[in-house]
Every structure is written in C-alpha cells, then in structure tokens.
Amino acid sequence: MSATITSTPRASRHRPAPALPRKGAAPRRTAWTPTLLLLLGAVYCLVPVIWVVTAATKSRQELFTTFTYAPGTGFWDNLAELSSYRGGVYWQWMANSALYAGAGALMSAAVSGVTGYALAKYRFRGRSTVFNVLLAGVLMPPITLAVPQYLLMSKAGLADSYWSVLLPSILSPYGIYLARIYAEAAIPDEVVEAARVDGAREWRLFRSVALPMMVPGLVTVFLFQFVAIWNNFLLPYIMLGDDHKFPVTVGLYSLLQQGANEPAMYTLVITGALLSILPLIALFLGMQRYWRVDLLSGAVKS
Amino acid sequence: MHRRLALAAAAALCGTLVLSACSSDGGSGDSAKAASGPVKLTFWAWAPNMDKVAEVWNKAHPEIQVSVLKQAGGDDLVTKTITAAKAGNAPDLMQAEYQALPTLVSNDVLADVSKQVGGAKSQFADGVWKQVTLGSDAVYAVPEDTAPLAFYYRQDLFEQYGLKVPTTWDEFAATARALKQKAPDKSLTTFSANDPGLFAGLAQQAGAKWWTASGDNWKVAIDDPATKKVAGFWSGLVKDGAVDNQPMYTPAWSKALNDGTQIGWVSAVWAPGVLTSSAPDTKGKWAMAPLPQWESGASVTGSWGGSATGVTTGAVKAGHGDAAAKFATWLNTDPEALAALVQQVNVYPAATSAQTGGLLSAAPEFFSNQPDFYPKAAEIAKGTASAAWGPNVNVAYSAFKDAFGKAAQDKGDFGAALSTMQQATVEDLKKNGFQVG
Chain A
1 MSATITSTPR ASRHRPAPAL PRKGAAPRRT AWTPTLLLLL GAVYCLVPVI WVVTAATKSR
61 QELFTTFTYA PGTGFWDNLA ELSSYRGGVY WQWMANSALY AGAGALMSAA VSGVTGYALA
121 KYRFRGRSTV FNVLLAGVLM PPITLAVPQY LLMSKAGLAD SYWSVLLPSI LSPYGIYLAR
181 IYAEAAIPDE VVEAARVDGA REWRLFRSVA LPMMVPGLVT VFLFQFVAIW NNFLLPYIML
241 GDDHKFPVTV GLYSLLQQGA NEPAMYTLVI TGALLSILPL IALFLGMQRY WRVDLLSGAV
301 KS
Chain B
1001 MHRRLALAAA AALCGTLVLS ACSSDGGSGD SAKAASGPVK LTFWAWAPNM DKVAEVWNKA
1061 HPEIQVSVLK QAGGDDLVTK TITAAKAGNA PDLMQAEYQA LPTLVSNDVL ADVSKQVGGA
1121 KSQFADGVWK QVTLGSDAVY AVPEDTAPLA FYYRQDLFEQ YGLKVPTTWD EFAATARALK
1181 QKAPDKSLTT FSANDPGLFA GLAQQAGAKW WTASGDNWKV AIDDPATKKV AGFWSGLVKD
1241 GAVDNQPMYT PAWSKALNDG TQIGWVSAVW APGVLTSSAP DTKGKWAMAP LPQWESGASV
1301 TGSWGGSATG VTTGAVKAGH GDAAAKFATW LNTDPEALAA LVQQVNVYPA ATSAQTGGLL
1361 SAAPEFFSNQ PDFYPKAAEI AKGTASAAWG PNVNVAYSAF KDAFGKAAQD KGDFGAALST
1421 MQQATVEDLK KNGFQVG
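Respectively, the protein sequence lines represent chains A and B.
For the first sequence, the working numbering gives the first residue as 1, with consecutive numbering after it.
For the second sequence, the working numbering gives the first residue as 1001, with consecutive numbering after it.
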C-alpha cells in the first residue's frame, strides 16, 4: 500500500518511460514467470480478505463447520447482533476511531506541512540538526514510545482522555520527512522568490503559493497517518481505561478476551473487523483524485 | 490571517484545558469531592454484563456509585493494570484471575483488605479462600468464580463404541487406546500445549505446589514428582498417538468436537458455554463426569480459571478503600448480587451458598440431558485442590507454551519440557530480585 502512494506522483514525472526494444512487429510473448509470481502475490494478499468477507456472512453454527470459502447465511443477523451488543457500543468505537484517525491525521498533516515547508525552504541555524533528529525519529518504532508517552500523559493528567490518543498521533516524524522532501521538490525556489518580489509576506506566501503545490504530498501524509492511527492498537490500549473511549481495534479485542467461561465472540469480531476496513477503502477511493493534481500544479518549466 | 491562526490556537488550547479537566475527575477521584458527593468507584472487569450487576448495586447504594469499565481479559490486562498503577491511574476495583494475584500483590497493585472483607471467609471453600490470602494473614481479593475441572464426554458415542466412563487415569488411558482400536480416526481428547491453565489444573489435582513462599524466600517446584507424573502420563498418550496433539480453541478443534472426531474433553465447569459455540450440532449429546483420579476412590480435582474481585492500593490511598471493599464483598456474597452474577454474567459462583439451590437448579441448556448438572458440579467442586501461585505465573505459562508446544508437535519427551519450564521460571524470579531457594 505504502509503495504505491509514495512513488506514483514523483516517479511518473521525472523518469522517462524506458524505451521498448521493438524489432519489426514481433508479437510480444507473455512472460510467464513474472506473471505467475505476481498472480501468487495477488492470491497471497487476497485470500485473507476473501476469508474475512465469507466468514462475516456465517452464523455461529456455520463458522467452523461449513467449507471455509463458502458464503454463509448469517450476515444480517451478525450485523444486527453487533449493532445491539451492549447498546451499540461498536458504533461508538467506530466513531471514536473516526475521531482519532480523522482529527489526528488532519492535525498531523497540518503540522507536517508547516514543518516540512520550513525545513525545505528556509535556511537557519540548526536546520540539519532538527532534520537529523527527525530522521532518527523515523527509525524509532512508535511501539517503544507508547509506555513513556503514557507516563507523560498521566503526569499531565490526560491519561484516559481523548487527548491522550490524539496528541501523540499529531507529531509524525515520517510525515514531516515526507513533507520536507515533497516541498523541496514540488516548490521551485523561483516561485517563492517571485512571490516575495510581488510583496507577499511569509504566511501569505505559504498559504497561497506553497500550500496548493504541496496538497498531493499532504494528502499522502494524511492518508498515511489516518491508516496508522486507525490500525493503532498499543497506544490506545495503554492510554484508555474507559471502554466508551476505545477505538475499534481495542474494542474488538475486548470481545475476544472475555474470560474462560464465556466463549470468544468470533462472529461479531469478524463482522466488526470487516466493517472497520470499509472506511479505509472508501477513503482511499475518495482521495485518489488528489494525487493526480500533481501533474497540473507545477508553475515552472524544468 | 495572523489573527485567525491565533484564534485557532487559542481554541485548541482551551479545548485541551476543558478536556483535561473532564478527564481528571473521572479518574481515581480527589478527596475533596469524596467528602461532598457520592463516592465514585471504577471497576475494571472483562466478564460480560458486569455493568448490569453494578447497576443493581448503584440503585441500592446512592452513596457509592460503581462504574464498570469493560476490559479485554487475560495476561495483558495484568500488565496494563500494573502500568496504570505505577502511573497512579489504577481503577478502584479490578477483576483478576487467581494466578495473577501474586503478581499484582508483588507489584503493589492490590491492597490488603482483610479488615473489611475477612468476615466473608466462611462463605467460601477453604481451598478457594487460600488463593486470595496467598497463604498469609492478609486478604487481597474476594473470590468471584471458580472453575473446578471435570471430564466431559459424548454419551452417544461412548455407548456406540462400548466405552466405559473412566474413573481413574489408568482407565482413561485404556479408554483412549480402546477407542483408537475401534475407530482409528477418532480421539478421546487432545493434549493442548496452548493451554497452560489446564495443565496447571491437572498438576494441582496430582498434588503439585508450583510456588511456595516462606518469608521472602520462594521455592519453585514445577518439576516436582506430582507434575512429572502428569507430564509423563500425557507424554505416553501423545507418543502412542492415543490422544491427539493439536491445540485447543482453534477452528480445527471446534470442528473435531462438532463432528465427533474428538469424543471427550477435560475441561472446567464453564465448558457448556464453549461447547455451545464451538460444537453447536452436538447439543444434548454430552455429559459431565468427575475428573479421573490418580487413586481409585478419591475425589480430587484442580481448577482451570476462575477470578476474584480485588481492591487496589490506589483506591485505599484515595480514601475509597472501605467503599470498594464493601462493593467487592456485596458482589460476591450477597444473594441478590450472586443471582445477578449467575444469570447475567454467567459465572460459576465461588460462594458455596450459590453453588447449590435455586440459582443453579436448572442444567445449562446445552446439557438438558443431564438435569443434575449443577448438583454434580457442586459435588466435584468440594474436592478442589488449592492452587499455589507465584509472582511470575505469566513467565511459567509462556515457557510451557514454547517447550510443550514443541514436545507435543514432535511427540517428544515432556519431562525435558518440564525442566525447561522450571528453569525459565526460576531464572526469571532471580532476575527480578526475588530470593529463590
């Protein structure tokens, strides 16, 4: 997923298409080995998805007893049961996830955009130090920070609040890194200078000139952060004690671990997992057009 | 533009302040509030519908309001609670499995509430009560549910193959082998290396005491003769292929129970709930019998699971210790609460008064063919051997999964796996600064 997002806009612009050796009109032969490998890869990626889709349609009786990839008959019952479970707490979890991921990714994109622009277009003392520290942050897995962040948040009296999950999600070293690289490449210095000559102040220069050029990059940052926060488990798991503030990942986990005397609610968890990826798919389809803007937003011939 | 940005920043800052104000009074609470309004307690539990039981209490006790925050159970919750307690955010009350109590006590999460709840001792079986005192004069929790082991078998298939219900482990082995001869594709049961809790229960039945403490000195005896006997017994069955060696709680296992490939299950009193969802087609075909014995005529069993309600040190520090202990006692001894626990939360209560009589008079729906299910369970529960847990059960359990998982897969020697488990447990205790002798 990540590879497609990062590479599309830049690669398509700068790299000329490799010239195909064409000798006469020799018919192109099908390359079987790569095709087969790619097919295998596709199967590998799609089988779990198909499993989730078919399993979500099975009733409790059918789940472990019928053929794995045969659709069942219980999807609507599962959906109704999931919706009514503890007064519809599942939808509360979905709303929480949307809040954490939506607001978190939006703020993260804003912070990344400003920071990345500043790092790319201004020369100031300590610039490379800041950037190197950020690079080190990219290498640090966020999981290792979860517990220290929890201790910090509880010092600030914010543990078990919405902010405890939102605040750590805002600053994303990778997002800033991406925004800097993007700003450097997408905003020509000539344009910045031209705007200055025309009398634009720095904020207006960023708002009206730089920002529109950075939109495709920021959309990428937004999507990255959205998916990362939506799928995040450990941070909200540690931060939150109140089950009405849980995001959907932690909420579904609590359905699996109900103690020995109550069986895990597999059908509900599977149906819930299927529903929880729908917003991600919708988001990707909906945001796709912003990547194409890239080709039109340039102002200088290079 | 500048002004708009400043406004936005100010708004965001205000939002932070407001939210932080909200969150701080929802936590462990401050004494100023406790004095005026009702005491507000938080209760971390994983059992479903616990909030409905708390509602019963909240209606009757306006001065102490308990809100249940439902958590995911298991070992992770122990870690989460310890972290929360270290940061001063622990809940006031928590549901904890018996084997987690020493870990929670040694991390200073659970408070000694012997003064407040000591009077409830007579309501529980001795072996159960010992698990919440950890063999000392203190009391760290009130028992909530217990899970004595029993043997579940397919009545119809036992009849079909002419098998007798085993009363000793020797008979159990003979039954497993006889079944293999008559129907090679079927198994009496499986040895699951994924479920250390079951193995621990079987070892308890044989008389094992895995952890014992005298003063500050811990003794670990996971490879004691009793446990060796149990490990050797299952090792033999797995080696001969007399029982299956695949883990429990997998889709394949559910299928095997449902289609009768496995015709028996050593499990605890909560088995009907699991069978209802794992083997729905076999309703009314199962029966429960006492766990096979090492000495014929005995009636000893172990436990697999079970939990208690503890009061945290955080609650005591906030001045809510008495209120929390009051609720914990009510939850597990009051007839009204026990009724709600049995009917709503679906637990097998630890209080002996609730194990017989009106509450559990009807057998579980899945076992309608065995109308005396609960009286029989109460009879079995009487012989529950007390367990001896230590401060690093989680380490021993994960060592079990690794070592026995491999041994079961290779049909290898369980004795060596047991030594590995012992060694890992002792080393971890030492590493964490406990005296081990």
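These aren't lab readings, by the way, just hints derived from the structure by calculation.
Hints should not be assumed to be uniformly reliable.
Distance condition first, Cα-Cα at most 20 Å in a straight line; then the derived PhoX-like pairs of lysine-lysine [what the hints assert, rightly or not]:
{"no.": "1", "chain 1": "B", "residue 1": "1411", "chain 2": "B", "residue 2": "1239"}
{"no.": "2", "chain 1": "B", "residue 1": "1255", "chain 2": "B", "residue 2": "1283"}
{"no.": "3", "chain 1": "B", "residue 1": "1239", "chain 2": "B", "residue 2": "1228"}
{"no.": "4", "chain 1": "B", "residue 1": "1239", "chain 2": "B", "residue 2": "1182"}
{"no.": "5", "chain 1": "B", "residue 1": "1255", "chain 2": "B", "residue 2": "1239"}
{"no.": "6", "chain 1": "B", "residue 1": "1228", "chain 2": "B", "residue 2": "1186"}
{"no.": "7", "chain 1": "B", "residue 1": "1317", "chain 2": "A", "residue 2": "155"}
{"no.": "8", "chain 1": "B", "residue 1": "1283", "chain 2": "A", "residue 2": "155"}
{"no.": "9", "chain 1": "A", "residue 1": "155", "chain 2": "B", "residue 2": "1086"}
Each hint, compared with the structure:
A distance of roughly 5 Å separates the Cα atoms of residue 1411(B) and residue 1239(B); the hinted pair therefore holds under the 20 Å criterion. Under the criterion of a C-alpha separation no larger than 20 Å, the hint pairing residue 1255(B) with residue 1283(B) is consistent with the structure, at around 14 Å. Under the criterion of a C-alpha separation no larger than 20 Å, the hint pairing residue 1239(B) with residue 1228(B) is consistent with the structure, at around 16 Å. The suggested pairing of residue 1239(B) with residue 1182(B) holds, with an alpha-carbon distance near 19 Å, which does not exceed 20 Å.
In summary, the hint linking residue 1255(B) to residue 1239(B) is not supported, as the alpha carbons are separated by about 23 Å, beyond the 20 Å threshold. Only pairs whose Cα atoms come within 20 Å are accepted, and residue 1228(B) paired with residue 1186(B) is rejected, the gap being roughly 27 Å. With a CA separation close to 17 Å, the supplied pair residue 1317(B) and residue 155(A) stays within the 20 Å bound. A distance of roughly 53 Å separates the Cα atoms of residue 1283(B) and residue 155(A); the hinted pair therefore is violated under the 20 Å criterion.
Proposed proximity of residue 155(A) and residue 1086(B) is supported: the alpha carbons are some 11 Å apart, at most 20 Å.
When each numbered hint is compared with the structure, violations occur for hints 5, 6 and 8.
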